[in-house]
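Those letters in the sequence shown? Residues -18 to -1, 1 to 399, per mature numbering (1 follows the signal peptide of the UniProt record, and there is no 0), in order.
Since the hints were made in silico from the structure, they are not lab data.
Treat the hints loosely; a few may be bogus.
What the hints assert, rightly or not - With a cut-off of at most 25 Å between alpha-carbon atoms, the simulated DSS-like pairs for lysine-lysine come out as follows:
| no. | residue 1 | residue 2 |
| --- | --- | --- |
| 1 | 271 | 282 |
| 2 | 307 | 282 |
| 3 | 273 | 307 |
Note that the structure is predicted; figures quoted are calculated from it, not measured.
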Amino acid sequence: MQLSALALLSLLPLLATATHSAPRSAPRHAAHRRISEVVERREALAAEHPPAVERKRVVKKRSGASGCRPKSSLTYSPSSTVASSTSTSSGVTSVSTTATSTASTTDAATTSAATTSDVAGEAAAWWSPASSSSSDDDWSQSSTTSSSSTAAAATSSAASSSGSSGSGSLTPKSIKAGLSGTEALEACGDHISWVYDWGVDGSGSNSATYIPMLWGDGNSGMSDDWSRLEAFKSLTDSPDYILGFYEPDCSPPMSSDIDPTVAAPLWNSLIVPHRTNGGSLLLSPGMCKQKDETWLTPFKNAIGDDNMWDITAIHINKNNLDGVKEDINHYWNTYGKPIWVSEFACVDDSNGFVPSTDQTEINQFINEIVPYLESDSRVYAYAYSNGAGLGSVWPMWVDGQLTESGQTYINAISAYH
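Taking the hints into account, I'd like the entire structure generated from these sequences.
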């Protein structure tokens, strides 16, 4: 049915009257009322305590602190796009509006129709899956643990960089002191924890762990070099520790004299499998030239990162503590591995190799180096050298008896165990 223009004109006054008399919706009244209340409260608070409104950062609770971090009911979900939150802090209620979160970022965009929620925005900024469902104390603890773990990882990265470490303790039986050569072994009692004698099939005492060594490649010309190699090949059980080649950077008869490219395949085929299959901790070849060595880096490159040793074994032949420190600094700074001083002796190496025969000098050196090695956190073990070529005063055992030098060493280490 169609109305004429005249009829339509007659209805307009009636329509206008009905429109002006219709009531406003109750929800719209309520929304305006809530907005007004919030604005009024914020204005009142701003007048009394301006910083309470102007502050934009949320206070996070620290372990042991009395303050608290406002909790938010924001719950993260990779698929959620909207969340709301009502938080109360210091008597102030913040009404949050829509906050958009995504799985790919911890930043959230917060939009507001009436007021902006600082709590929601801050919560989205520091959110992590671990903290979203944790209490304040849990959050503080996990944050502290994470920082500690990072610091610990940074500290230990040098000690465990490259290579697959063995499973044993870096310090045998938690006692650093040891011995090279077995003659004075019984006299040392339980003051030492380890011993080696440059061979493969020796034995320790009830308190000392015997550590086998692959001395050379069998071609040094020494009568026992070949037999030591064959004995090492016959090892069936993997020992806790294995010492690498003996001074391959110097010539026989005192040293094994092996080229790094020759030593590398022997290391990889004979020594590394004991770590892979039996959990042995591997000690690097010990250098003759101390801090002046140039052998270990080519050897390291030849064996590859996966076959890197676990512990750097070093020899120290010095007669003063400054020289000792220089040697240790070289190996730590160059290779970054835990250090065993597999032998030390009182020697003047400023011009050649001159073992000390001065008992007073020897006693003083022992009483200085032992406390230093005990206190240096880079050094995990050390041993008194009883090798050949060290004169008549330094050896611990002479003519079936403990010498003054030997007794001085035992007295020094007895202070620690």
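Going down the list of hints, with the structure as the test:
no.: 1; hint: 271 x 282; verdict: holds, 17 Å
no.: 2; hint: 307 x 282; verdict: holds, 23 Å
no.: 3; hint: 273 x 307; verdict: holds, 10 Å
The structure agrees with every numbered hint stated previously.
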